[in-house]
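Engineer: In case you want the letters, here they are:
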Amino acid sequence: MKYAGLLVMPAGFFLCIAAILLFPASASRNAFVVCGLAVEAMGLVVAVRGHMSGERR
Amino acid sequence: MMNANGVLPFYDPRFGLTLGLLLLASLAPAGVALLNTGLGRSRSAAQSLLGCLTMIAAASLAFALIGATIADGAAGAGHVLLIFGRPWNWAGTGPLVLSGFANTPARAQLGALFEFLALALAVLIPWGSGADRLRLTAGAALAAVLAVVAFPFFAHWVWGGAWLAQLGANFGLGAGFFDIGGAGAIHVLGGFSALAVIWITGARRGKFPKEGLATAMPGHSAVYILFGCLLALVGWMAFNMAGAVLWLDAAPAALPLTAINTLLAASAAVLATFIITRVRFGKPDASLCANGWIAGLVTSSACASLTPPLGAIFVGLVAGIGAPLLVEFLELAASIDDPSGGVSVHAASGLWGLIAAGLFAPQPGQFLAQLIGIATLLGLILPIVYLLFALLNRVVPFRVEPDGERIGMDLHELGGGAYPEFVVHRDDSYR
Numbered sequence: 001m002k003y004a005g006l007l008v009m010p011a012g013f014f015l016c017i018a019a020i021l022l023f024p025a026s027a028s029r030n031a032f033v034v035c036g037l038a039v040e041a042m043g044l045v046v047a048v049r050g051h052m053s054g055e056r057r
Numbered sequence: 058m059m060n061a062n063g064v065l066p067f068y069d070p071r072f073g074l075t076l077g078l079l080l081l082a083s084l085a086p087a088g089v090a091l092l093n094t095g096l097g098r099s100r101s102a103a104q105s106l107l108g109c110l111t112m113i114a115a116a117s118l119a120f121a122l123i124g125a126t127i128a129d130g131a132a133g134a135g136h137v138l139l140i141f142g143r144p145w146n147w148a149g150t151g152p153l154v155l156s157g158f159a160n161t162p163a164r165a166q167l168g169a170l171f172e173f174l175a176l177a178l179a180v181l182i183p184w185g186s187g188a189d190r191l192r193l194t195a196g197a198a199l200a201a202v203l204a205v206v207a208f209p210f211f212a213h214w215v216w217g218g219a220w221l222a223q224l225g226a227n228f229g230l231g232a233g234f235f236d237i238g239g240a241g242a243i244h245v246l247g248g249f250s251a252l253a254v255i256w257i258t259g260a261r262r263g264k265f266p267k268e269g270l271a272t273a274m275p276g277h278s279a280v281y282i283l284f285g286c287l288l289a290l291v292g293w294m295a296f297n298m299a300g301a302v303l304w305l306d307a308a309p310a311a312l313p314l315t316a317i318n319t320l321l322a323a324s325a326a327v328l329a330t331f332i333i334t335r336v337r338f339g340k341p342d343a344s345l346c347a348n349g350w351i352a353g354l355v356t357s358s359a360c361a362s363l364t365p366p367l368g369a370i371f372v373g374l375v376a377g378i379g380a381p382l383l384v385e386f387l388e389l390a391a392s393i394d395d396p397s398g399g400v401s402v403h404a405a406s407g408l409w410g411l412i413a414a415g416l417f418a419p420q421p422g423q424f425l426a427q428l429i430g431i432a433t434l435l436g437l438i439l440p441i442v443y444l445l446f447a448l449l450n451r452v453v454p455f456r457v458e459p460d461g462e463r464i465g466m467d468l469h470e471l472g473g474g475a476y477p478e479f480v481v482h483r484d485d486s487y488r
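Heads up: the sequence lines are chains A and B, in that order. Sequential numbering from 1 applies to the first sequence in our numbering. Sequential numbering from 58 applies to the second sequence in our numbering.
I should point out that these hints are in silico values taken from the structure, not numbers from a laboratory. Don't take each hint at face value.
[Unchecked claim] Derived DSS-like pairs: lysine-lysine, alpha-carbon spacing no greater than 27 Å straight-line:
1. B/267 <-> A/2
2. B/264 <-> B/340
3. B/340 <-> A/2
Required output: the full structure, derived from the provided sequences and hints.
Structural biologist: This is how it looks when you write it as structure tokens:
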């Protein structure tokens, strides 16, 4: 589970990079960067939950 | 006066000022080393301080041999990829082993010294979080890995004129990613490394029992902790002022405000933490107040040169409120055993400081540039650091044997304690 979370996080990073490359307009660019950060945050939460289950076992 | 190669290394009167500031900046690692030691247990105190020395030594050597090559940003040179017609400078092209360093321009020399000191501070953060169970050899090895891979790349991207610094020129995002005092390259990187170390080593023995709340394992010396905070203040002021000169081209007249903002951010943070712990526990908590102080300093690393004094107070206040709550949340809700608060204090406050820098910077698009920098740290640097540490753990096991944890890291790794005349606690004392 921890590894799954850590694999999701680079996807968020590449989403942010794609946003600044592909969208010149600031509204869509901002939205995609925020989405990328949300994906990274989701990956972090999954990784933390994976760690929690391991510690309490 | 020219040197043998006709280079004028000392032409700028700011050279002496910046060099002096950088010498004072070395007090920041000293303060963090004291904090790490005080927040750990007495039976691991000598190992903790010796670990700080060995980690700085290993990191400095590795950076000098290889890392500085990647981090080098002289004249914006570097390995460049063209993606969608845009240049992406991703690595430096400096000489190996700092060859020819004496003949490089004065500014590049000072920049390299700043990076050496930044690295020395960054590697101490995971060491504090792995206190009481992380082995000395593992600490030195992970410091070398940080010095060769994670830190040089990010330092080049931010301070070497590479793609993060060029977000403004290439994509119209403000003036590019701002990280003047190292909130990202030092504190968020160090904090994420701390998280990776905690994930790999696990919690200290008895920290999270199968039933009930987490066990409190207080630091052994409030004096070390609080004196470390005072040392850190001087170091942080110097770091922020030196960063402003080097990376923001700030005039000397702008530096007093940077120092004052650093002090204001720390002051607002520590008072906020003081009040919160006073309200929650009935009395202020010394180690949490120290965490609040450092959290304020960490946020100032990002924005002390950019905010007005009132802004610095606001930024510090938020950090001071957030730090103790996050320490508690990470320990009780996320099972993260972080004795020195590397994740909650350095990583989280560093991220908040980077966001605040985007809020206070006058350039349009700066906020988005800051978000891209944060996305890089969270989405790229953290997974890479974890992967590298996980691989390293297979070669050099991070966690000490159970017996070592039971008798203390001092006796196990050094053969003698830091306080040979004192009686030290065993694990049973905490249950």
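Engineer: If a hint holds in the structure, say so; if it does not, say that too.
Structural biologist: Hint-by-hint comparison with the structure:
1. A distance of roughly 21 Å separates the Cα atoms of residue 267 of chain B and residue 2 of chain A; the hinted pair therefore holds under the 27 Å criterion.
2. For the hint linking residue 264 of chain B to residue 340 of chain B, the alpha-carbon distance of about 24 Å falls within 27 Å, and the restraint holds.
3. For a cut-off of 27 Å, the pair hint linking residue 340 of chain B to residue 2 of chain A is broken: about 38 Å separates their Cα positions.
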